[in-house]
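**Student:** Going line by line, the protein sequences match chains Z, S, R, D, H, C, L, B, G and E. Residues in the first sequence are numbered consecutively from 1, following UniProt numbering. Residues in the second sequence are numbered consecutively from 1, following UniProt numbering. Residues in the third sequence are numbered consecutively from 1, following UniProt numbering. Residues in the fourth sequence are numbered consecutively from 1, following UniProt numbering. Residues in the fifth sequence are numbered consecutively from 1, following UniProt numbering. Residues in the sixth sequence are numbered consecutively from 1, following UniProt numbering. Residues in the seventh sequence are numbered consecutively from 1, following UniProt numbering. Residues in the eighth sequence are numbered consecutively from 1, following UniProt numbering. Residues in the ninth sequence are numbered consecutively from 1, following UniProt numbering. Residues in the tenth sequence are numbered consecutively from 1, following UniProt numbering.
No lab work stands behind these hints: they were computed from the structure. Each residue gets a CB set at the ideal place from its N, CA and C atoms; glycine is no exception.
For the chain R half of the interface with chain Z, some residues (derived, Cβ under 7 Å), not all of them:
(1) MET1
(2) SER60
(3) HIS61
(4) ASP62
(5) HIS65
(6) PRO83
(7) LEU84
(8) ALA85
(9) LYS86
Protein chains: 10
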Amino acid sequence: MLYHVRMDVHLPPDMDADEKAALLEREKAYSQQLQREGKWPHIWRIAGEYANFSILDVDSHDEVHQLLSGLPLFGYMDITVTPLAKHPSDIKD
Amino acid sequence: MLYHVRMDVHLPPDMDADEKAALLEREKAYSQQLQREGKWPHIWRIAGEYANFSILDVDSHDEVHQLLSGLPLFGYMDITVTPLAKHPSDIKD
Amino acid sequence: MLYHVRMDVHLPPDMDADEKAALLEREKAYSQQLQREGKWPHIWRIAGEYANFSILDVDSHDEVHQLLSGLPLFGYMDITVTPLAKHPSDIKD
Amino acid sequence: MLYHVRMDVHLPPDMDADEKAALLEREKAYSQQLQREGKWPHIWRIAGEYANFSILDVDSHDEVHQLLSGLPLFGYMDITVTPLAKHPSDIKD
Amino acid sequence: MLYHVRMDVHLPPDMDADEKAALLEREKAYSQQLQREGKWPHIWRIAGEYANFSILDVDSHDEVHQLLSGLPLFGYMDITVTPLAKHPSDIKD
Amino acid sequence: MLYHVRMDVHLPPDMDADEKAALLEREKAYSQQLQREGKWPHIWRIAGEYANFSILDVDSHDEVHQLLSGLPLFGYMDITVTPLAKHPSDIKD
Amino acid sequence: MLYHVRMDVHLPPDMDADEKAALLEREKAYSQQLQREGKWPHIWRIAGEYANFSILDVDSHDEVHQLLSGLPLFGYMDITVTPLAKHPSDIKD
Amino acid sequence: MLYHVRMDVHLPPDMDADEKAALLEREKAYSQQLQREGKWPHIWRIAGEYANFSILDVDSHDEVHQLLSGLPLFGYMDITVTPLAKHPSDIKD
Amino acid sequence: MLYHVRMDVHLPPDMDADEKAALLEREKAYSQQLQREGKWPHIWRIAGEYANFSILDVDSHDEVHQLLSGLPLFGYMDITVTPLAKHPSDIKD
Amino acid sequence: MLYHVRMDVHLPPDMDADEKAALLEREKAYSQQLQREGKWPHIWRIAGEYANFSILDVDSHDEVHQLLSGLPLFGYMDITVTPLAKHPSDIKD
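Produce the complete structure using the sequences and hints provided.
**Tutor:** Below you can see the structure in the form of structure tokens.
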């Protein structure tokens, strides 16, 4: 099932540089693993903002929460999750 | 280039049924033509709302405006357009 | 799966009384049928407002959209849908 | 009487880990005790957010305030309380 | 139990004058009856706005909904209801 | 003259306990003195929130500002003040 | 006592021209009479909007409500009233 | 002096086609005349919305109000005006 | 030209007392000097809030920005500036 | 292609003066270089606020994100980006 997610990241500007780099590295690895597993089919940068729109494809609300709350950046994020249904005009099966 | 679009439709509840059906038919045909042309790669129904998230893939802001303002339902919609950049974690080329 | 739904109803104050009564009758029958089927485990009136909080229990986003967009009052409603996961403190299995 | 409550938790990301674990432990015990007493019939995690929707069943506004302001996490929360009445379509007695 | 209520009235400016006068007359009588019964201890006009703050004193959420949804002006109102608890500084018993 | 006031208190969760207790003690004494003087006829706790609705009865805007800005908690509060007029339905003189 | 007032006017675009002209004439006369009486010391047009900021100088909340609710345009307005106190930096007596 | 203006147009979807065409024709002529006079140096379409951002260059607030309130579409618009100062980084004189 | 300004001050509650006193002293002197020069004809305290409405009378947007950004408290303020035009009902020349 | 950008800067009031001066120096140089390259045709100070409206002229969403996220002040900013299309009334080619 598809979930539309908006993630806004708020890192303190005076965060220790090494700590920040390590955190972002873990975040990238975490996300790319899920992308390879097909659970995170789309991730787009909102141009000009430290935020992204993503589409997650998982089997339940529990799994979407587990996935998102497991993000290394979770504690620095505002997140909104919107369930997506099939649109009647969608030509894809 | 990718644009994230949210469209909320507000049709008057007491709209003439035939007029409404014809309007929606034209809207569907318009959208599906653009989908076939690859300009409208994604359209998802926001579950529970008369609204959708879409991803449009066109070459310029002028084209995205032309496409959206040409929607038969345009006059009944609230629309927000957000430009999308490539996310550094995106594993797709 | 559980979905939290808020529904705000906006009926025109000068709506024809008979039409309104018939519409509400259909709405009640529609809802109660789904409640009997176990798909609508909770519906509460927000005190003082023509609105309700509901918990729906269905198998997919498509089904929750189908259920909500099929409401006789759908065209007169503002609806927000929030997916619910199991809370770590919840003592229920 | 039933109260619908939304609780959003904002813990500082750099909170001491042990302190945080102890606080959450107390929060869980506090909530589960009230659940066993039947005063907290429902608690759901809002998928993707550090927030929950809950239904509390207590006898007065004073009691609901006492219950909520006694939460170990109270000082880190934004809370909204909405009184719930019986919905005319509710098939439950 | 005390409920704080804000009521904003939106009457169509071109409403028939007699109809409006009759409606307001019924509203006044309805409110004053409840005030005499002690269920509506306070009603204040928000200066400059067609709105009021009220304090209702009733025994349950069902009763507060019944009271408010029975207002002749209910269909023309935006209403927000907030449950009130005893304040620790309140010198009144 | 009556003023409706909403006060939301935001104390830092990690405030020194003694300092907090002393501050709240001063706040309570300050409020109760004004209540005894009849300038603060009502104070209600908004159930579930560190906030209150109050009705102040003073002779001028200057006095209401002086009263509120003199609150020991003033620096930790968001405050909104709304002037109240007599409601045409109010049965009290 | 001084009250800061914002008035936003929403006239239906298809209002009868003569009716509109007469209404605005009455509004202007009403306002200018109060200005001459010193009760309406300031009225400024918010540039680009059908709205104004005004300062009213009257003796009570009741009077400010009476003045504003008596405006011929009252039914077409959104109004917000804010009580003003003397600023400690104000060099005027 | 420069003013940043956002104009959102809300035309009733069922407006008479001829009337609408004539109105838009007058609007276009009005705007283009001011552009030729150098008072309206920039007008951009907000992609996907019936709205524009404009930069007006006039000598006073009175003139900017006169210009905007004279727009044929003024009665169908939400307008926000923001005064612009020279930015310290601006390399233009 | 007249500008309507709203200034909301947010000073950290735990600011050093002497530093705060000195800052406010500079702010008062700065404002009163401009008042004496006729550039700040009105400053009113919003009753109950650490905020003010002001009317500034200066010759350009650059000057209003210079004036406001020069306020000692500027870094602790949220400021909104609205250009004011002459109201057609204003009886003052 | 043109992008409308609003940038609101939030620098901590107690930031080290030298650090702040150096940061602003880098920001100015960064912006002026892009202005000289024709990628940043307009930058205006929003009068009274530590914010600006800018028009960027770049070839893609990726480039606009790269440009904005490269701003030395990026971590202290709230940014909104709006794609601009050609307005039908625009007399410029």
